[in-house]
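Chain S: place on chain F using the hints.
Chains as they are written, first to last, in UniProt numbering: chain F, 1 to 505; chain S, 1 to 505.
You may find that some hints are simply not true.
Copies of one chain are not kept apart here, so a pair can be met inside one copy or by any two copies together.
Claimed, not checked - DSS-like cross-link-like pairs, simulated, lysine-lysine; straight-line CA separation at most 25 Å:
id, residue 1, residue 2
1, Lys89, Lys322
2, Lys118, Lys222
3, Lys483, Lys214
4, Lys322, Lys214
Hints are computed from structural coordinates only; laboratory data are not their basis.
From a predicted model like this one, the values you see are computed outputs, not experimental measurements.
There are 2 protein chains.
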Amino acid sequence: MSARQLFERLQKLMQVPTAWSYSYGLEAWYQRVYCPASAIAAREFGAKLLAGMAHRTFITDENGQCLDDLVGVADELPTTQAAFVRRLKLSFDMARQLDPEFVERKEGIRTRSEAVWKVARAESNFKMFAPLLTEMINITREEAIIRGADANNPSTFYPVLFNLYEPGMDIALVEAMLDDAFAFTRDLLERVRASGVTPRTDFLEWTYDPIALKDLCPDVAKVVGFDFDRGGFDLTTHPFCVRLGVNDVRITGRITNGLAGAFFGVAHEAGHAIYDQNLPDYMVTTWVEAMRYSLGVHESQSRGTENGNCRSRPFWEFYYPKLQTRFPRLQEVSLDEFVAGINTARPSFIRVEADEATYNVHTRARFRVERGFIAGDIVVDDIPEAFNQEIFDGLGIRPPNDAQGCLQDIHWGGGLIGYFPTYSIGNFMGPQVVEQFRQDVPDWETHLRNGDFGSYNAWMCEHVHQRGMVDTAAELVERITGKPLSTDAWKRRIMSGVRPVYGLN
Amino acid sequence: MSARQLFERLQKLMQVPTAWSYSYGLEAWYQRVYCPASAIAAREFGAKLLAGMAHRTFITDENGQCLDDLVGVADELPTTQAAFVRRLKLSFDMARQLDPEFVERKEGIRTRSEAVWKVARAESNFKMFAPLLTEMINITREEAIIRGADANNPSTFYPVLFNLYEPGMDIALVEAMLDDAFAFTRDLLERVRASGVTPRTDFLEWTYDPIALKDLCPDVAKVVGFDFDRGGFDLTTHPFCVRLGVNDVRITGRITNGLAGAFFGVAHEAGHAIYDQNLPDYMVTTWVEAMRYSLGVHESQSRGTENGNCRSRPFWEFYYPKLQTRFPRLQEVSLDEFVAGINTARPSFIRVEADEATYNVHTRARFRVERGFIAGDIVVDDIPEAFNQEIFDGLGIRPPNDAQGCLQDIHWGGGLIGYFPTYSIGNFMGPQVVEQFRQDVPDWETHLRNGDFGSYNAWMCEHVHQRGMVDTAAELVERITGKPLSTDAWKRRIMSGVRPVYGLN
Chain F
1 MSARQLFERL QKLMQVPTAW SYSYGLEAWY QRVYCPASAI AAREFGAKLL AGMAHRTFIT
61 DENGQCLDDL VGVADELPTT QAAFVRRLKL SFDMARQLDP EFVERKEGIR TRSEAVWKVA
121 RAESNFKMFA PLLTEMINIT REEAIIRGAD ANNPSTFYPV LFNLYEPGMD IALVEAMLDD
181 AFAFTRDLLE RVRASGVTPR TDFLEWTYDP IALKDLCPDV AKVVGFDFDR GGFDLTTHPF
241 CVRLGVNDVR ITGRITNGLA GAFFGVAHEA GHAIYDQNLP DYMVTTWVEA MRYSLGVHES
301 QSRGTENGNC RSRPFWEFYY PKLQTRFPRL QEVSLDEFVA GINTARPSFI RVEADEATYN
361 VHTRARFRVE RGFIAGDIVV DDIPEAFNQE IFDGLGIRPP NDAQGCLQDI HWGGGLIGYF
421 PTYSIGNFMG PQVVEQFRQD VPDWETHLRN GDFGSYNAWM CEHVHQRGMV DTAAELVERI
481 TGKPLSTDAW KRRIMSGVRP VYGLN
Chain S
1 MSARQLFERL QKLMQVPTAW SYSYGLEAWY QRVYCPASAI AAREFGAKLL AGMAHRTFIT
61 DENGQCLDDL VGVADELPTT QAAFVRRLKL SFDMARQLDP EFVERKEGIR TRSEAVWKVA
121 RAESNFKMFA PLLTEMINIT REEAIIRGAD ANNPSTFYPV LFNLYEPGMD IALVEAMLDD
181 AFAFTRDLLE RVRASGVTPR TDFLEWTYDP IALKDLCPDV AKVVGFDFDR GGFDLTTHPF
241 CVRLGVNDVR ITGRITNGLA GAFFGVAHEA GHAIYDQNLP DYMVTTWVEA MRYSLGVHES
301 QSRGTENGNC RSRPFWEFYY PKLQTRFPRL QEVSLDEFVA GINTARPSFI RVEADEATYN
361 VHTRARFRVE RGFIAGDIVV DDIPEAFNQE IFDGLGIRPP NDAQGCLQDI HWGGGLIGYF
421 PTYSIGNFMG PQVVEQFRQD VPDWETHLRN GDFGSYNAWM CEHVHQRGMV DTAAELVERI
481 TGKPLSTDAW KRRIMSGVRP VYGLN
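Next comes chain F alone, as it looks inside the complex (with noise of 0.2 Å):
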């Protein structure tokens, strides 16, 4: 067979493990989104069921085999195409260090600890998580040394799991940013107490009519881009963004934490969206969870939404006026004011939430305290001080409680571990993009101020989405600026936006 005829066998095949990784993805939408709370524990049977088929019909010799031959002639493909088949063999070969039984059981555990987390951080309560937080490490753990990680030696356990959500990257290149970014972010606070200047925030923590957020989130997203004939938005408690199907890729949001909460948490999601929206057919109708490569690149994508365009002056003087239409109390804040109040270097608690400047003191606090869990240096009980302690370190302020400290995020609990670098990988990637962006189109200003996210868009998909899931972070950085991935663009980014704030130089 050519490799034409082998790629369209593959697609066949794959048809069976991609329909039943859909179904598991509507399965766990489900559970997050609309699903009550009193339902979901009765779900995991279920939940099982699907994730295992999902795997084992992805892991059949039969794939292999074709995956194997595809291999052999992928240079006869056209580049990206052969890219994207020796990264779903990586994936093959990852999904079958799995048994299927392993895999339900972790997804039990997942869904469980899930129902159980969400109650837990409405309640603050860290110890009603605790079980099912430990049963989820050791589980991990477990995998780890499946994976081929050193049983006798814990600390080999970590860079595995780093690994599947960043295959090809070294944890030690992502550790050394973050510590780089996390000084400069200490000295940058310095600087900003030392400015004196306390620029007005004060209409971030206004009480906004709830129907009127609601209202806002889908605007939001159309305007920066997202199609909504091939996609839908709902309300959870943490947003995210999933593919269910060809054409349905579906963002969250939350209408609890404010209008910054609201605006740029849809912003964020909304940019993950449209990179899923430009991926080329193939990789949609040749879907495996385990494909969201690179999730550092896919950050960029939501983080260059959020930051890039929707931090901007020139965006805020096309969206302002909107905004005060619908919140007609922001009258009274002047366009200057907004602006610098969404650029501000400050202390916060909620990482989603939490601006540019601060945003990687949170991964950090999140790697450092998951990598100590996953190698016995950290005890679960430990965790909520461990967690507080980093964020101290970072900022000088305590969590008050669990719920605004190590029980905010959804990712332990759903399995997630070694997954928050990622977070930190997109948040340097994605100014360095935006930044050959804006030399490549010089209009870009005059473009955001009409509102037109198009030419943005356009460039993107171009250098972005169409290699979607085929490079790392580091190779596609590289790929595009010709540099390497590093903190550079991202701290240029940080002082344009508020070096005019506090009067820095």
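This is chain S only, laid out in the frame that chain F set:
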């Protein structure tokens, strides 16, 4: 094994098909509620896998053996459990008539057919829908033959199909009731015309704020007794109620058909849902799609809430001031005018929003047309006209387009052919059991006047819901009232509603 042990074994065995059945239910719900139109077609493959698994894992020899053993000793079980076991055995035998490939094939047609119906209805374009409807009719005829109808005698097809939705009931009995109701309604409409009275109904045509309508829906559900801790509400094209799992019964409503469409649609579906929420636990953990016995009984509960309670004057003494607060323009409509306006006998086009007096003309039209096309007496292209003629014969008005004619209902596209008569069974049964309730609980008016649905729901729970899925409609009416199922109570109820409105005697 004792009957008790066998029952436990059955529960354990049924865990698998139950989980698949709920997964399939989630898929179908998603397609109908949140899935973007452009994404439905691609879900066909996955929907077929799920429907296939739900069927395949139900009809196993092991399940059959366990059921046979259990039926043999069912008398040792509590009576309701014993009856449930016999019903499940009946479902099993009916399911076993179809092989999984047939189920998958029909599910494929259903997915495509509903997707096309949605667009065809929006565009009022029957021609667009005709090819899919033809496919659905063909496979349904095939199904009737598999299930024992005489291939050489197409008039035997329909009773076999009706039996799927209302096992144990003779379609001839239902037809006689439908004809009786038809004559009654024609006569009543004549008397109404002769009365010269035209009650005020303009407020039902007013345009109301969609956000306020949307906000109204869950409040209505809550007031009538729907438990939001074990279910949820969503907007959709066609209102329905579905169980998606343990502690999870969802209802849907629409705000595109005015105030009455929103209010009574939700009250109706909430009536279904309260039934479902009151089922014994073992029924909910032993769930297969075919178990919705009896649909007529189910409908009696939705009609009881919608009409028996929510069109009564005492209820509106409680709720009308609240409604006026939500929709201030209603200040200009008096309580008397409002109650009269929702208790009319007026020809109209949309079945689910028809008044109680004219409702059965719609189901009778559906019944006669579907029986006709299944037998081959009506060809697909003639369906719109045949349907319109039935409506004209009964109501003296002719649907101006197919969206308000044969395309208004999802059922045929969804493969539910033979289902419509069950609506009228519920329509007749509802008033019969409500009459009995009012005899047993003479304070019912005071309760309604206080917005207290507790006594009503508790009575229905005891007499109907806890007997859920084990009796036929005829059996249950007889058990509860000591009288056979008939149109008598329905006629009394209609007259008590319209008599004061039109000054009839």
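Within, between, both or neither: Lys89, Lys322 at alpha-carbon 25 Å: For Lys89 and Lys322, neither the intra-copy (48 Å) nor the inter-copy (62 Å) Cα distance is at most 25 Å.
Intra/inter-copy verdict for Lys118 and Lys222 if alpha-carbon distance must be at most 25 Å: between (29 Å within a copy, 24 Å between copies)
Homo-oligomer pair classification [Lys214, Lys483; C-alpha up to 25 Å]: neither (41 Å within a copy, 52 Å between copies)
Within, between, both or neither: Lys322, Lys214 at alpha-carbon 25 Å: Both ways: Lys322 and Lys214 sit 15 Å apart in one copy and 24 Å across, limit 25 Å.
The structure fails to meet hints 1 and 3 from the earlier list, while all remaining hints are met.
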